[in-house]
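Student: Same order as they appear, the protein sequences are chains A and B.
My numbering applies: residue 1 is where the first sequence begins, and numbers increase by one.
My numbering applies: residue 1 is where the second sequence begins, and numbers increase by one.
Misleading hints may appear alongside valid ones.
These stretches of chain A come out as covered by chain B in the derived footprint (C-beta under 8 Å, 3 or more residues) [unchecked claim]: (1) 125-136; (2) 140-149; (3) 157-170; (4) 258-268; (5) 294-303.
Reference listing, derived: stretches of chain B covered by chain A, where coverage requires no fewer than 3 residues with Cβ under 8 Å from a Cβ of chain A [claimed, not checked]: (6) 25-33; (7) 94-101; (8) 234-240; (9) 244-258; (10) 261-269; (11) 280-291.
Simulated from the structure, these hints should not be mistaken for lab results.
Glycine included, every Cβ here is placed at the ideal spot set by N, Cα and C.
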Amino acid sequence: MRPGAVARGDALRRVAVGWLVAVGLVAVGADGLASDRAIVAWRGGALDWRPDPRGEALRAQLTDHDWAVWPPIDADPLEVRTGGRLEPLRPPSAAHRLGTDDRGRDVAARWIHGARTTALVAALAALVGLGFGLALALAAAALGSAGRLGRGARSALVAIADALASAPALLVSLAAAALVGVRGAVAIAVLVAIPRGADTARLALAQLEAALAEPYADAARALGASRARRLLHHALPAALPTVAAATAITAATAVLAEAALSFLGLGAAPPTPSWGELLAQATQHDLRWWLSVPAGVATTATAAALFMLALAPARGSR
Amino acid sequence: MIGALGRIALRGAVAWVVTCVLGWVLVELARESPALTAARAASALPPDDARDPSARARVVERTAHELALDGAPADRIVRAAGRAVVLDPGVSWRDRRPVGATVRRPAWATVARGGLAMILALIAGLGLVLAAGRRGRAVVAVVGGALLAIPTVWLCQLALTAAPGLATSATLAVVVLAAAPAAVVALHVGAALRRLDASPLAIAAAARGVGPGRWRAVHALRLVGPGLAPLVPSIAGFVLGASPVVERALAVPGAGQTLVAAAGAGDAPVVIALAAGTAALVAIAGGVAHALAQRLDPRLREATS
Chain A
1 MRPGAVARGD ALRRVAVGWL VAVGLVAVGA DGLASDRAIV AWRGGALDWR
51 PDPRGEALRA QLTDHDWAVW PPIDADPLEV RTGGRLEPLR PPSAAHRLGT
101 DDRGRDVAAR WIHGARTTAL VAALAALVGL GFGLALALAA AALGSAGRLG
151 RGARSALVAI ADALASAPAL LVSLAAAALV GVRGAVAIAV LVAIPRGADT
201 ARLALAQLEA ALAEPYADAA RALGASRARR LLHHALPAAL PTVAAATAIT
251 AATAVLAEAA LSFLGLGAAP PTPSWGELLA QATQHDLRWW LSVPAGVATT
301 ATAAALFMLA LAPARGSR
Chain B
1 MIGALGRIAL RGAVAWVVTC VLGWVLVELA RESPALTAAR AASALPPDDA
51 RDPSARARVV ERTAHELALD GAPADRIVRA AGRAVVLDPG VSWRDRRPVG
101 ATVRRPAWAT VARGGLAMIL ALIAGLGLVL AAGRRGRAVV AVVGGALLAI
151 PTVWLCQLAL TAAPGLATSA TLAVVVLAAA PAAVVALHVG AALRRLDASP
201 LAIAAAARGV GPGRWRAVHA LRLVGPGLAP LVPSIAGFVL GASPVVERAL
251 AVPGAGQTLV AAAGAGDAPV VIALAAGTAA LVAIAGGVAH ALAQRLDPRL
301 REATS
């Protein structure tokens with residue numbers, strides 16, 4: 001690869017990591033970024049963190065000697081507290097920087113808290129997919145060198161992984177959510193992670209078996225290393241870049257599946273904010289751009305960043 | 001030839017049966033009993049505050065008897081597996097019509113659109129790579145990466161904004177469905193062409209006076225073609241899996257809309273039939289692609305013979 005292309009790739013990867021870190025920080029600090037509850041208030045000579053009451057009620061209580069620090073977006077993502085003025089589907093204004101949704105809730109606040117749903121789905125799917133995939137791959141690799149019965153069991157595990165991995169993740173999630181009757185971010189993450197984890201297992205198994213056939217694995221065997229030690233200490237490190245790439249793709253798939261399932265009404269239960277729910281509202285309400293564009297751009301950027309990271313280990317190992 | 005067709009049909013049949021059985025296992029894992037869900041799907045349940053508290057139980061019992069949902073969970077799963085083997089998906093819990101009659105027409109529409117989308121994706125993906133040439137690799141990477149990362153629902157919204165006159169049009173649905181698969185084809189073919197461009201074969205062809213255009217269009221693409229076979233199942237899976245979103249967003253009738261409606265109503269037989277049909281189609285598409293790749297590439301034929 002030419003040096004210019006490598007530098008461009010590194011810069012893009014840095015941007016991707018920066019975006020993912022930003023989404024993570026927004027998810028963690030959502031309550032401090034968008035809420036109608038003050039972060040801290042000085043009332044009657046005492047400091048009060050996350051004080052009650054909220055919004056206008058607290059402002060009314062504050063005297064000239066009191067003060068409060070408010071989040072940058074002073075609006076609740078779940079409830080409308082406008083003092084009786086309901087303002088549904090209003091375009092961006094000074095009061096609502098990204099407009100309001102169909103129930104008059106602040107879109108910027110819901111966008112920020114939606115990052116939490118997306119981050120939770122992506123992280124949980126990545127963890128479950130990684131755990132399930134690695135466990136399946138290690139079990140199949142261990143069984144592959146354990147006699148005829150073990151090879152039969154390995155073939156059965158590989159067949160199960162093949163069948164699970166070939167299933168369309170979105171359709172599996174949709175059907176399973178409908179049949180079992182489960183909803184929510186955790187359910188989406190697990191349902192996406194199982195077929196994606198099976199794909200991770202297939203890729204990891206190929207790498208593990210290739211590494212076990214290398215001369216260094218034979219040398220370790222000659223030095224008396226046990227089967228488990230050869231697998232975990234010698235073969236597993238060779239498979240980790242591939243596993244990392246597959247895990248990043250699992251997270252990206254989960255982000256996209258969350259958007260799709262929320263759009264179909266099978267995502268996070270209302271009134272939980274999510275980017276997919278904002279996209280669903282945009283379709284229901286004449287494609288209002290302030291509902292569609294921020295959520296669409298954020299989902300695309302997050303999925304693209306994860307896909308970019310998926311390419312990084314492969315490039316790095318070259 | 002007959003042996004290959006038999007193997008492909010067997011793959012499809014196994015995928016159908018396994019998905020049907022897994023679907024019924026999931027139904028048994030639900031918090032509600034299947035009979036209660038079926039009664040709810042048919043809107044046959046009296047309200048909770050009915051004067052006769054045993055009315056609900058009687059309705060559930062009658063539903064269980066009519067739909068053969070009585071007995072132990074294992075019995076129900078075995079019965080479902082038996083029906084799956086004879087390709088009988090049962091009756092819809094909502095309207096008691098045979099599932100086949102409910103899903104046949106929308107399923108054909110979705111499969112036809114999916115097939116067209118796959119053909120369009122192949123043409124568009126190859127066209128993008130050939131048009132970009134050697135200097136346009138970054139363009140292919142950026143366009144391909146963006147198309148892969150855009151959520152399908154937002155792509156539908158962007159398409160509707162760009163072409164509002166095409167709402168409820170099957171053409172727009174085909175184009176949207178083809179976008180991400182086209183990106184996959186472009187990225188895959190682009191990477192394969194890069195490897196081939198650096199191979200001794202390319203140097204030999206250039207030494208014999210073959211120009212870059214002819215090298216790509218005649219020699220390189222023939223070698224890259226069979227390598228697309230492993231992508232076919234995942235592309236078919238994506239196209240069929242994205243159909244519920246595309247059909248809902250663009251208001252196009254099809255199996256995806258039927259699936260979403262059935263999922264919302266808790267109509268398990270329809271959901272399972274559509275999921276199993278998709279699994280069978282994906283398996284068959286993979287088998288056909290693999291057989292075609294073997295025909296096109298003698299190395300694959302020799303490796304498996």
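Student: Report holds or violated for chain B covering the segment 125-136 of chain A, Cβ cut-off 8 Å, minimum 3 residues.
Tutor: violated (count 0)
Student: When I compare C-beta atoms, does the segment 258-268 of chain A have three or more residues closer than 8 Å to chain B?
Tutor: holds (count 6)
Student: Taking 8 Å as the C-beta cutoff, is the stated coverage of the segment 94-101 of chain B by chain A satisfied by three or more residues?
Tutor: violated (count 0)
Student: Within the assertion that chain B covers the segment 294-303 of chain A, do at least three residues meet a Cβ-to-Cβ distance smaller than 8 Å?
Tutor: Contact hint for the segment 294-303 of chain A vs chain B: holds, 6 residues under 8 Å.
Student: Checking C-beta pairs, does the segment 25-33 of chain B have three or more residues closer than 8 Å to chain A?
Tutor: Per the Cβ count (6), the hint holds.
Student: Do three or more residues from the segment 244-258 of chain B put their C-beta atoms closer than 8 Å to C-beta atoms of chain A?
Tutor: Answer holds; 4 residues pass the 8 Å Cβ test.
Student: Three residues minimum, CB to CB under 8 Å: does the segment 157-170 of chain A make the cut for coverage by chain B? Let me know.
Tutor: holds (count 6)
Student: Given as covered by chain A, does the segment 261-269 of chain B meet the bar of three residues or more with CB within less than 8 Å?
Tutor: The restraint on the segment 261-269 of chain B holds, since 5 of its residues have a Cβ under 8 Å from chain A and three suffice.
Student: Verify the coverage statement for the segment 140-149 of chain A against chain B, using a C-beta to C-beta distance below 8 Å and requiring 3 or more qualifying residues.
Tutor: With 0 residues closer than 8 Å to chain B, the segment 140-149 of chain A misses the three-residue bar; violated.
Student: Given as covered by chain A, does the segment 234-240 of chain B meet the bar of three residues or more with CB within less than 8 Å?
Tutor: holds (count 4)
Student: Tell me whether the statement that chain A covers the segment 280-291 of chain B is true, taking a Cβ distance below 8 Å and needing three residues at minimum.
Tutor: holds (count 3)
The structure fails to meet hints 1, 2 and 7 from the earlier list, while all remaining hints are met.
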